[in-house]
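Undergrad: Quick note, the sequences are listed as chains A and B, same order. Numbered per the numbering used here, the first sequence spans residues 1 to 208. Numbered per the numbering used here, the second sequence spans residues 1001 to 1278.
Don't read these hints as lab results, they were simulated from the structure. In this text, a Cβ means the ideal position worked out from N, Cα and C, and glycines have one as well. Certain hints may be false.
[What the hints assert, rightly or not] Derived Cβ-Cβ restraints for the label pairs, each shown as a range:
no.	chain 1	residue 1	chain 2	residue 2	range
1	B	L1046	A	D90	51 to 59 Å
2	B	A1176	A	E119	43 to 51 Å
3	A	G102	B	H1061	50 to 58 Å
4	B	E1168	A	R208	53 to 61 Å
5	A	E57	B	D1110	18 to 26 Å
6	B	V1048	A	E30	37 to 45 Å
7	A	G95	B	D1110	20 to 28 Å
If you want the building blocks of each chain, they are given just below.
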Amino acid sequence: MIEHVGVIDYGAGNVTNVSRALDFLGVNNELVSSPEKWGRFSALILPGVGSFVYGMEELRERRLTSAIIEATEFGTPLLGICLGMQLLFDFSEEGGGAEGLGLIPGVVRQLEPSPGESEIRVPHVGWSRIASVATDAVLPQGGGAFYFSHSFAADGVPEDIVTSHGFLGSRRFVASVASKRLTGLQFHPEKSSHTGLGVLKGWVQSCR
Amino acid sequence: MGEESGRLGVEACRLAVIEPVPYKRIIARLDIKGSNVIKGIQMDGLRVIGPAGEIARRYYHDGVDEIVIIDTVASLYGRDAMVDLIKDITSECFVPITVGGGIRSVEDADALFRAGADKVAINTGAIARPGLISDIAQKYGAQAVVVHVEAKMTPDRGWECYTEAGREPTGIPVDAWMHKAQASGAGEFLITNVDRDGTRRGVDRELLKKCCSIVSVPVVASSGVGSVEDALQILELANVAGLAIGAAFHYNNLTPTAVREGALLRGVPVRADGGIYD
Chain A
1 MIEHVGVIDY GAGNVTNVSR ALDFLGVNNE LVSSPEKWGR FSALILPGVG
51 SFVYGMEELR ERRLTSAIIE ATEFGTPLLG ICLGMQLLFD FSEEGGGAEG
101 LGLIPGVVRQ LEPSPGESEI RVPHVGWSRI ASVATDAVLP QGGGAFYFSH
151 SFAADGVPED IVTSHGFLGS RRFVASVASK RLTGLQFHPE KSSHTGLGVL
201 KGWVQSCR
Chain B
1001 MGEESGRLGV EACRLAVIEP VPYKRIIARL DIKGSNVIKG IQMDGLRVIG
1051 PAGEIARRYY HDGVDEIVII DTVASLYGRD AMVDLIKDIT SECFVPITVG
1101 GGIRSVEDAD ALFRAGADKV AINTGAIARP GLISDIAQKY GAQAVVVHVE
1151 AKMTPDRGWE CYTEAGREPT GIPVDAWMHK AQASGAGEFL ITNVDRDGTR
1201 RGVDRELLKK CCSIVSVPVV ASSGVGSVED ALQILELANV AGLAIGAAFH
1251 YNNLTPTAVR EGALLRGVPV RADGGIYD
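The following block holds chain A by itself, in its conformation from the complex (with noise of 0.2 Å):
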C-alpha cells in the first residue's frame, strides 16, 4: 500500500504542526476530517489539544469515533498525540467524567505534584525529561528531553504497555504507550525539535 498518513482534524488545536512535521519529513499525509474512505489511510495521527470532554464530543459529532475503531480493528497503525493520546483510553475524570475511545486500557486523570512538592505546578508545559522503559523504534533509548503541554495524564495502564515515563517533580506519570498497532505520546514530537522529529520518523517507519 502506499504510504498516505490520515491526519484527523477534528476541531481540537492546532493539527497542521503535525502536518507540516510529516511534510518535512517527505511523509505523504492528509488531513481528513470526514469518516468516508479511511481505507487509503496506511495509518492515522490523531492529535489534539485541550478538553478531554470536548475532543470526545467533537469526534462524535463528526462521526469519526466508529471510523478510528474499525481502521484500528482493522490493523491500521493509529498514533495518539497529547489528547489524542488520551482518548484512546477507557475513560477521562475531566470534567465530571467522560467516556473515551476505550481503545486502550487506562483512566485519564488530573496531574497532582507529590505532597510537600506544592512549588511544582500544573499544567505541566515546558521541555521535560521521559525516561524510556523499553527500548523500541520509536523512542530515543533511555529517554529524552521533549515539550508537553497538559494537565491529565494516563493511569491504570498496564506495566507492559507504557514505553516511557515523564517527570513532575519526584511524581511520575505515563509518558507514552505502545499496544499492538496503537502508539500514545503524551508530548508534542512536532514541537520537540529534531528529537521528536525522530520519534515521528521511528514511528512512521514502524508501520512499514
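Take the given structure of chain A and dock chain B to it, following the hints.
TA: Okay, now just chain B, sitting in the frame of chain A:
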C-alpha cells in the same frame, strides 16, 4: 525505581536527582518589521538585521527551546505578513512559537493560531481590555496566552507598564497589572525591560525577582543580555522559567549553544540535547 501501584496518588519514585520541571528555556526573540528582524536600542532608531525566516531557522538549528516573534509595527498591513511568516517558520522549525504585536481581539489571535502559532503574546490590547486575556484563554487554554509586560523604571512611579513597543507610558504599576493579568487567565509573562532592551549592557535581576514574586505562573525574562554570563545571571534566578535573547543573538555576540553549554556547566537545569548534530 519505585513500586508500581497503578495509582498516581500513591506512587513513589526514588530518583537520584529530581530535576525541576520543566527545564528552563533558552528562547530566541525576533522583533519584526514586515518580514525582517529589526533591532533598536531603547526603541530609538531601527536597524534591519535580516529576513526573519532565515534567522529563525538559524536559531532553531542551534537548539533554541522556543521562538518568540514580536511585530513591532503591528499594522493591519503587517497581519498578512505575520501569518505568512508563521507558516514559513513552522514549516521547518519544530519548537513552540509565540507571536505578539498588535493583537486586539480574539479574531486576531485566531488567525495566528490557525497559521501555526502555539502561544500569543499580548500587551497593549490586554491593558486596553483585560477581558481579552480571558477570552483567548477560554478558547485556547491559559498556557496559550502570554502577557508581555514592557516595564520601565520611573523615579516617582517605580516600575511602570508601557505599551506600543515601549513608547507609551500607561501610569499603571507593573505589580498591579501582573496581579490582574494573572487573575484574568494569563498563563505566562514575558518581561521586557524598556531601558535595557537592545542595549546588550546587562540584565536587571531586581525587576525579574520582583516579577517572579508577584505571580505564580511562569515568568520569562527578556532584555539586556550581552554575554553568556548575563544570561546565566538570569537563568540562575530561582523562579525564572526562561530567558529570551534578541540583540545578542542577532549581532552574534553569543549563540544558543553557548548559553546552553554555560548553563549546563553552571548546573542550571536546561535540556541537554539542544543542537542538531548530523
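Undergrad: Each hint should be assessed against the structure and marked as holding or not.
TA: Outcome of the hint check:
no. : hint                         : verdict
1   : B:L1046 x A:D90: 51 to 59 Å  : holds (56 Å)
2   : B:A1176 x A:E119: 43 to 51 Å : violated (24 Å)
3   : A:G102 x B:H1061: 50 to 58 Å : violated (42 Å)
4   : B:E1168 x A:R208: 53 to 61 Å : holds (57 Å)
5   : A:E57 x B:D1110: 18 to 26 Å  : holds (20 Å)
6   : B:V1048 x A:E30: 37 to 45 Å  : holds (39 Å)
7   : A:G95 x B:D1110: 20 to 28 Å  : holds (23 Å)
The earlier numbered hints that this structure contradicts are 2 and 3.
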